[in-house]
Amino acid sequence: MALRFEVLGRFNRARAAQLTLPHFACQTPLFMPVGTQGTIKGLTTDQLEEIGCQIILGNTYHLALRPTSELIDELGGLHKFMNWPRALLTDSGGFQMVSCITNLYVAGIFYTQWHFAYIFQVSLLHLADITEKGVTFQSPVDGKPMLLTPEESIQIQNRIGADIIMALDDVVRTTITGPRIEEAMYRTLRWVDRCIAAHKRPHEQNLFGIVQGGLDPVLRDICVRGLVDRNLPGYAIGGLAGGEDKDSFWRVVAQCTAALPEDKPRYVMGVGYPLDIVVCSALGADMYDCVYPTRTARFGTALVPEGVLKLKHNAMVNDTRPIDPTCACMVCKNYTRAYIHCLVTKDAMGSQLLSYHNLYYMLQLSRNLHSSIVEGRFVCDFLQKMFPKGDVPEWVCNAMDVAGIDISSCCSS
Amino acid sequence: MKFAVKALSSGKARAGVVHLGSCPSPIETPCLLLSTRKGLPIFISPDLLSSLPSPDSNLLQFSPLHFSEGPSPKTISSIGGLHQMVGLHEYGFAAVARDSIQCLPECGSTNKTGASFETPCGRRLIKPVEYMEMITSMKPNLWATLADEVPAWANNKRNKTSVDRTVKWLDECIARSP
Numbered sequence: 216m217a218l219r220f221e222v223l224g225r226f227n228r229a230r231a232a233q234l235t236l237p238h239f240a241c242q243t244p245l246f247m248p249v250g251t252q253g254t255i256k257g258l259t260t261d262q263l264e265e266i267g268c269q270i271i272l273g274n275t276y277h278l279a280l281r282p283t284s285e286l287i288d289e290l291g292g293l294h295k296f297m298n299w300p301r302a303l304l305t306d307s308g309g310f311q312m313v314s315c316i317t318n319l320y321v322a323g324i325f326y327t328q329w330h331f332a333y334i335f336q337v338s339l340l341h342l343a344d345i346t347e348k349g350v351t352f353q354s355p356v357d358g359k360p361m362l363l364t365p366e367e368s369i370q371i372q373n374r375i376g377a378d379i380i381m382a383l384d385d386v387v388r389t390t391i392t393g394p395r396i397e398e399a400m401y402r403t404l405r406w407v408d409r410c411i412a413a414h415k416r417p418h419e420q421n422l423f424g425i426v427q428g429g430l431d432p433v434l435r436d437i438c439v440r441g442l443v444d445r446n447l448p449g450y451a452i453g454g455l456a457g458g459e460d461k462d463s464f465w466r467v468v469a470q471c472t473a474a475l476p477e478d479k480p481r482y483v484m485g486v487g488y489p490l491d492i493v494v495c496s497a498l499g500a501d502m503y504d505c506v507y508p509t510r511t512a513r514f515g516t517a518l519v520p521e522g523v524l525k526l527k528h529n530a531m532v533n534d535t536r537p538i539d540p541t542c543a544c545m546v547c548k549n550y551t552r553a554y555i556h557c558l559v560t561k562d563a564m565g566s567q568l569l570s571y572h573n574l575y576y577m578l579q580l581s582r583n584l585h586s587s588i589v590e591g592r593f594v595c596d597f598l599q600k601m602f603p604k605g606d607v608p609e610w611v612c613n614a615m616d617v618a619g620i621d622i623s624s625c626c627s628s
Numbered sequence: 005m006k007f008a009v010k011a012l013s014s015g016k017a018r019a020g021v022v023h024l025g026s027c028p029s030p031i032e033t034p035c036l037l038l039s040t041r042k043g044l045p046i047f048i049s050p051d052l053l054s055s056l057p058s059p060d061s062n063l064l065q066f067s068p069l070h071f072s073e074g075p076s077p078k079t080i081s082s083i084g085g086l087h088q089m090v091g092l093h094e095y096g097f098a099a100v101a102r103d104s105i106q107c108l109p110e111c112g113s114t115n116k117t118g119a120s121f122e123t124p125c126g127r128r129l130i131k132p133v134e135y136m137e138m139i140t141s142m143k144p145n146l147w148a149t150l151a152d153e154v155p156a157w158a159n160n161k162r163n164k165t166s167v168d169r170t171v172k173w174l175d176e177c178i179a180r181s182p
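These protein sequences, in sequence, are chains A and B. The number in the numbering used here is simply the position in the first sequence, starting from 1, with 215 added. The number in the numbering used here is simply the position in the second sequence, starting from 1, with 4 added.
Keep in mind that the hints were calculated from the coordinates and are not lab data. Predicted model only: the values in this text are computed from it and were never measured. One or more hints might be untrue.
Below, a list of computed lysine to aspartate or glutamate pairs in the EDC-like style, where the Cα atoms sit at most 16 Å apart [unchecked claim]:
| hint | chain 1 | residue 1 | chain 2 | residue 2 |
| --- | --- | --- | --- | --- |
| 1 | A | K527 | B | E73 |
| 2 | B | K78 | B | E32 |
| 3 | B | K42 | A | D344 |
| 4 | B | K42 | B | E73 |
| 5 | A | K359 | A | E347 |
| 6 | B | K16 | B | E110 |
| 7 | B | K78 | A | E347 |
| 8 | A | K548 | B | E110 |
| 9 | B | K6 | B | E32 |
| 10 | B | K78 | B | D51 |
| 11 | A | K479 | A | D261 |
| 12 | A | K548 | A | D562 |
| 13 | A | K561 | B | E73 |
| 14 | A | K604 | A | D539 |
| 15 | A | K600 | A | E521 |
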């Protein structure tokens, strides 16, 4: 174990904590921007530090392809390679291989613009095949069949050197039903044992297990208990953020957070929208990651307390207000909507400035969650700004019921 | 603006210094103007720009034509000018109608009423009055007149026309100078 997790304050199930990792002492709840290829698109590491980023997520699959984990290791590890002094988390590499074709096709358009086109070839995904050995796929570089085993995933992550590494799990989309989900859940448990055995740096890197089981509470329960038995430094809730309905989503999170140990961090993978993060934090989760803030920035969309602001819209042409008058970021302090409008989708600077603002927004949201959980007002403040007419979605109301948080003052009905 | 020559070589070269109202420190010449796209150096936001050597990196060149599709001169005026709009209050801006990359003079389409440019928004004909409207709203520290720019291989007649037009437009620009 190479971390310390100390709960500093609570409100029912929600916790504000300090997570001390080898490279940085973090405050939770926290949001982790996704820095796929050892960089967050549009921002330098100085800027990330400036806006208060604590942990960056790197994608093992992409880094293993380019520039290879061996080279990263040779050059002193990913922290040194990308010049990021704070914490890093790497995923196992499995998800990228079996991700939804639609998502990666869309991503491919942007990656083309940012010159990463060869990484994302849609044809790759048709050939991902999962067996007990590992995940077999076709290399996008030369078409050769490649196998990612739990052992190999951990070895690559050991070389990359992140503070937190993820076990290779057998992940299935929650929109799938049938025996495949049960198979994947049990395999995830068998693979976590192989990951633990292969892990060469347990005193420097924290291996998190990932709870699978689809939307089936029985399977989820078996998986949670199996992972808890292995006494890992932290746990992730996986297999969500893939198109399931919100009502199912929050119930799985609620079940898992209720069963996972109190004194260890809980990471909901791939989440997400600000509203989802607030709800999951109310239910007792601590860590989140998502490409949404930076990806939506490249579409010209800004995150604001009221929801989203589409800077491409003609209404922005002569709007001399900042994106968000309540935001203290460099973009909102210096720029008008009119100026950003003239940049978006035409000049890279538009994506850069919006990515900066959107990440600042997510990190500020994390800071607000941490500081206000103790006071207990955090959910209401957020919901009142996002739903001024009181039309809070039903799934949120249901989740808050379970979380024991009274939001009647924010709801019209 | 103030410019003074501080030293001369035995030939024609000179070392000088430029004082601009918006820049806190004088800038030594010869100096390099950073080229910009819509007022900001490409990929370099203001917080990153400040990490370049100062005051040497404080002078930026821009083309008013980058804003052909907006924001309008009226909006730019209400924001307070270019320095305000791009958040570079302590920098100097020099306006030139053409840049060397995306707003290129199209001398074949230029006529007596205005200069033509190939831009990312298509071909645009800019008249002195429009150009000066942009300059007035953007308030750069330095600005070049609208000119009829022709390549070095233009024939004598075309060359002569370009000089006559440029002088005429210079007078029109000066007359509308803020």
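Outcome of the hint check:
1. Between K527 of chain A and E73 of chain B the alpha-carbon distance is near 13 Å, which keeps this suggested pair within the 16 Å criterion.
2. About 34 Å separates the Cα atoms of K78 of chain B and E32 of chain B, which puts this hinted pair outside 16 Å; it is violated.
3. Distance check on the hinted pair: K42 of chain B and D344 of chain A sit about 48 Å apart at the alpha-carbon level, beyond 16 Å; violated.
4. This hinted pair checks out: K42 of chain B and E73 of chain B have alpha carbons roughly 11 Å apart, not beyond 16 Å.
5. Annotation: proposed proximity of K359 of chain A to E347 of chain A is violated, straight-line Cα distance about 20 Å (limit 16 Å).
6. With a CA separation close to 33 Å, the supplied pair K16 of chain B and E110 of chain B exceeds the 16 Å bound.
7. Distance check on the hinted pair: K78 of chain B and E347 of chain A sit about 66 Å apart at the alpha-carbon level, beyond 16 Å; violated.
8. A distance of roughly 39 Å separates the Cα atoms of K548 of chain A and E110 of chain B; the hinted pair therefore is violated under the 16 Å criterion.
9. Of the pairs offered as hints, the one joining K6 of chain B and E32 of chain B holds, with about 12 Å between alpha carbons and a cut-off of 16 Å not exceeded.
10. At roughly 27 Å between alpha-carbon atoms, K78 of chain B and D51 of chain B are farther apart than 16 Å, so this suggested pair is violated.
11. With a CA separation close to 30 Å, the supplied pair K479 of chain A and D261 of chain A exceeds the 16 Å bound.
12. Among the hinted pairs, K548 of chain A with D562 of chain A is inconsistent with the structure: their alpha-carbon atoms are about 20 Å apart, more than 16 Å.
13. Using a Cα cut-off of 16 Å, the hinted pair K561 of chain A and E73 of chain B holds, with the two alpha carbons roughly 11 Å apart.
14. Simply put, K604 of chain A and D539 of chain A have alpha-carbon atoms about 19 Å apart, too far for the 16 Å limit, and the pair is violated.
15. With a CA separation close to 5 Å, the supplied pair K600 of chain A and E521 of chain A stays within the 16 Å bound.
Violated hints for the displayed structure, listed by number in ascending order: 2, 3, 5, 6, 7, 8, 10, 11, 12, 14.
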